[in-house]
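One letter stands for each residue in the lines below.
There are 2 protein chains.
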Amino acid sequence: MKAEIITIGDEILIGQIIDTNSAWIAEQFNLSGIEIYQITSVHDDSDHIMEALKNAEEKVDLVILTGGLGPTKDDITKHTLCEYFNTKMVFHEPTFEHIKQRFKNRNIDLNKLNRDQALVPESCTVLPNKAGTAPGMWFEKNDTIFVSVPGVPFEMKYLVENEILPRLQNNGKTKAIFHKTVQTQGLPESMLAQRIENWENSLPKNIKLAYLPNPMSVRLRLSAMGSDLNELKRQVQDEIERLKQLIPDHIFGFDNETLAEVIGKMLLEKGQTLAVAESCTGGYISHLITSVPGSSGWYKGGTTAYSNEIKQNLLGVSVESLEKHGAVSEQVVREMATGARNKLNADFAVATSGIAGPTGGTEEKPVGTVWFAVAGPGNTVAEKFVFGDNRERNIIRSSQTALQILRKTIITL
Amino acid sequence: MKAEIITIGDEILIGQIIDTNSAWIAEQFNLSGIEIYQITSVHDDSDHIMEALKNAEEKVDLVILTGGLGPTKDDITKHTLCEYFNTKMVFHEPTFEHIKQRFKNRNIDLNKLNRDQALVPESCTVLPNKAGTAPGMWFEKNDTIFVSVPGVPFEMKYLVENEILPRLQNNGKTKAIFHKTVQTQGLPESMLAQRIENWENSLPKNIKLAYLPNPMSVRLRLSAMGSDLNELKRQVQDEIERLKQLIPDHIFGFDNETLAEVIGKMLLEKGQTLAVAESCTGGYISHLITSVPGSSGWYKGGTTAYSNEIKQNLLGVSVESLEKHGAVSEQVVREMATGARNKLNADFAVATSGIAGPTGGTEEKPVGTVWFAVAGPGNTVAEKFVFGDNRERNIIRSSQTALQILRKTIITL
Numbered sequence: 005m006k007a008e009i010i011t012i013g014d015e016i017l018i019g020q021i022i023d024t025n026s027a028w029i030a031e032q033f034n035l036s037g038i039e040i041y042q043i044t045s046v047h048d049d050s051d052h053i054m055e056a057l058k059n060a061e062e063k064v065d066l067v068i069l070t071g072g073l074g075p076t077k078d079d080i081t082k083h084t085l086c087e088y089f090n091t092k093m094v095f096h097e098p099t100f101e102h103i104k105q106r107f108k109n110r111n112i113d114l115n116k117l118n119r120d121q122a123l124v125p126e127s128c129t130v131l132p133n134k135a136g137t138a139p140g141m142w143f144e145k146n147d148t149i150f151v152s153v154p155g156v157p158f159e160m161k162y163l164v165e166n167e168i169l170p171r172l173q174n175n176g177k178t179k180a181i182f183h184k185t186v187q188t189q190g191l192p193e194s195m196l197a198q199r200i201e202n203w204e205n206s207l208p209k210n211i212k213l214a215y216l217p218n219p220m221s222v223r224l225r226l227s228a229m230g231s232d233l234n235e236l237k238r239q240v241q242d243e244i245e246r247l248k249q250l251i252p253d254h255i256f257g258f259d260n261e262t263l264a265e266v267i268g269k270m271l272l273e274k275g276q277t278l279a280v281a282e283s284c285t286g287g288y289i290s291h292l293i294t295s296v297p298g299s300s301g302w303y304k305g306g307t308t309a310y311s312n313e314i315k316q317n318l319l320g321v322s323v324e325s326l327e328k329h330g331a332v333s334e335q336v337v338r339e340m341a342t343g344a345r346n347k348l349n350a351d352f353a354v355a356t357s358g359i360a361g362p363t364g365g366t367e368e369k370p371v372g373t374v375w376f377a378v379a380g381p382g383n384t385v386a387e388k389f390v391f392g393d394n395r396e397r398n399i400i401r402s403s404q405t406a407l408q409i410l411r412k413t414i415i416t417l
Numbered sequence: 005m006k007a008e009i010i011t012i013g014d015e016i017l018i019g020q021i022i023d024t025n026s027a028w029i030a031e032q033f034n035l036s037g038i039e040i041y042q043i044t045s046v047h048d049d050s051d052h053i054m055e056a057l058k059n060a061e062e063k064v065d066l067v068i069l070t071g072g073l074g075p076t077k078d079d080i081t082k083h084t085l086c087e088y089f090n091t092k093m094v095f096h097e098p099t100f101e102h103i104k105q106r107f108k109n110r111n112i113d114l115n116k117l118n119r120d121q122a123l124v125p126e127s128c129t130v131l132p133n134k135a136g137t138a139p140g141m142w143f144e145k146n147d148t149i150f151v152s153v154p155g156v157p158f159e160m161k162y163l164v165e166n167e168i169l170p171r172l173q174n175n176g177k178t179k180a181i182f183h184k185t186v187q188t189q190g191l192p193e194s195m196l197a198q199r200i201e202n203w204e205n206s207l208p209k210n211i212k213l214a215y216l217p218n219p220m221s222v223r224l225r226l227s228a229m230g231s232d233l234n235e236l237k238r239q240v241q242d243e244i245e246r247l248k249q250l251i252p253d254h255i256f257g258f259d260n261e262t263l264a265e266v267i268g269k270m271l272l273e274k275g276q277t278l279a280v281a282e283s284c285t286g287g288y289i290s291h292l293i294t295s296v297p298g299s300s301g302w303y304k305g306g307t308t309a310y311s312n313e314i315k316q317n318l319l320g321v322s323v324e325s326l327e328k329h330g331a332v333s334e335q336v337v338r339e340m341a342t343g344a345r346n347k348l349n350a351d352f353a354v355a356t357s358g359i360a361g362p363t364g365g366t367e368e369k370p371v372g373t374v375w376f377a378v379a380g381p382g383n384t385v386a387e388k389f390v391f392g393d394n395r396e397r398n399i400i401r402s403s404q405t406a407l408q409i410l411r412k413t414i415i416t417l
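The listed protein sequences correspond, in order, to chains R and F. Here the first sequence stands for residues 5 to 417, numbered as in my numbering. Here the second sequence stands for residues 5 to 417, numbered as in my numbering.
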């Protein structure tokens, strides 16, 4: 099956936003056995959209339109679709009910623009959008399927994952594919590749491996293609068991699991609790933890001790340590961890102190230097890392590293 | 002048890389008054490239091709260009000298693939590539200009900045465009649209307005086209002044400014400091603040008081208030703010307490209910909002709302 992605919106053509939607869609569709023939970005202009639809219809079996759906009046996509499919706009009651409910939950009054979002071309199948107000739309013309989704990434992703791909699979347009992603932490991509080289080379021909690095972790995605889904699952599981032997410490989870989720499960099981004391990570560790639903069951809370005054007053770090060793030191980070553990009355506490940058480094402690400590029952461990000079990446990497040290500490205790 | 960007390469169409080149080119060209009509991504396939060239030639005055140039054998772009422009490949001595020199400097031996990089279509003007080995190429056919540049971002940027834009400006091909983005907070897209409808409808014809919503804010982008850049700037500034009258409280900044940056500037100017006390936002406010370089100059730190115990111990919230009103209440959030202001010894403190979801709501306090308070010199304000049922979005929206209330409080005090 061949597909074309058409993105609608001036913001891409003036370079204000980078088109990340198309890369995501292309990846998902390729993994499902659908080849992306072309990606075309066009203006919020009816003639231009019509022309792109016509060109695409001649060449592909599936057209995915993103963008151009929303409550403001620069939206012309729906009217253009009516014209292209020779149909008229009708009021779609279930969509209106959904919009009303969303607004009611937020205590906001509906206006005419919101009501207009419930208007859809009569000949389309409406794809309910639980992630937003503008519904997706599915059209068929001759032998080509056209789907239209909003450009807001999480709404687009919701519709592709929950409405579009399942429908294509049910229609037998795609073959059986099984993906599983292994989450690893603590080995850079090149070192990881070296460690698992033999395993990678011995994978069966129907299993493809992809390295998906991001600042948080290196993910390894195994994609198996075949005819029997259960057989594919078994095959992938066997390969993962072999992989676990090679990098036992570095695999922390699977698919979309986060380190904080994995830590939360371990703590809940043991009935233990956690506190954090952050300096250079500035609240990001706490954010990663509290992004996990139900984290209040095992997370007591934390402090962002940005100034030395707060390190002393809230965490009980000693003036002597701060003066003698400086805030970015093993001594201080250990006192931050034990202080947080005591003051917040938790079983474990993790602490960070470092120089996120872009300035503030010295010869002895360059930008990117970060000390970590984890205080647990009966023991405190500390470790130093030196990252790069990008503030944003240093905050993210330091936060992940802190959670990884915490995970290993919980396992061994 | 109208242009089309054609990117060549399978890596974009399988979603392996995100096409950042096109956004960069689009931004540069728009700033030079060249409108990007369309962006098209095609496969490394001669027929496909030929078809894209033909379609573009019919519609635009300038075609920018990126990618498909390099020493490896999957490069078919140059041969396709020879075919399209009905010319033949010739050896270009200056390019070969340049390649030889680069290799000599790096002590690497030349191979046949490197020598082939000096082959170019006879009818093109060669654009010397000081940032790499593959040269850029400039063709003219009928009234359309075609330029071809490598896909490696810094080589592409070098050629656009040093060879292509200067040539277009010398040819008098560009007009003036000016963009400015207004950052707003606190009004959903549809309400904002209603508030500014008359202003929007009365904009001069040469100014276009675009709504760019994201979970953090709704951005309004004004794009003015004309002949005199200074006149355009003045025109846009006039319209922004009129807009400010309509939504004075909701505009917090311009272009890529964040709320935390704006707050930091105000505090630095006044020599004042900030602390936060977070419950449902779980550290995200602190993260937004500490993402600003230099925030240690005005941010003291904060607490994530996830459990009631921490609210009492670290912030001094009273047991009575917690028992009588519950953690999500005006009384408690006020005590959190004043407690943080005192304990962290700051001029301002902002506090949040709410139900991020997906569970934990009650009939009286549904998921998405969030109380905010800001304690400042001599005064504490509190406000309640009810957001939706998505945990991630509730955390982001609550954090932005907290910063917006803080900004307004700092201004009025």
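Take the hints with a grain of salt, since some may be wrong.
Chain copies aren't distinguished; within one or between two, either way the pair holds.
As the list claims (entries may be wrong) - In silico lysine-lysine, DSBU-like type, Cα no more than 30 Å apart, as pairs:
(1) 6 to 63
(2) 104 to 63
(3) 212 to 274
(4) 116 to 209
(5) 388 to 116
(6) 108 to 412
Since the hints were made in silico from the structure, they are not lab data.
Each hint tested on the structure:
In this assembly of identical chains, residue 6 and residue 63 lie within 30 Å of each other by CA distance both inside one copy and across copies; the values are 8 Å within and 25 Å between. Taking the shortest alpha-carbon separations for residue 104 and residue 63, neither the intra-copy value of 40 Å nor the inter-copy value of 43 Å comes in at or below 30 Å. Within a single copy, residue 212 and residue 274 get their C-alpha atoms no closer than 37 Å, and across copies no closer than 58 Å, so neither meets the 30 Å cut-off. In this assembly of identical chains, the alpha carbons of residue 116 and residue 209 lie at most 30 Å apart only when taken from different copies (25 Å versus 56 Å within one copy).
In this assembly of identical chains, the alpha carbons of residue 388 and residue 116 lie at most 30 Å apart only when taken from different copies (26 Å versus 58 Å within one copy). For the identical chains of this complex, residue 108 and residue 412 are inter-copy neighbours only, at 27 Å across copies versus 45 Å inside a copy, given an alpha-carbon limit of 30 Å.
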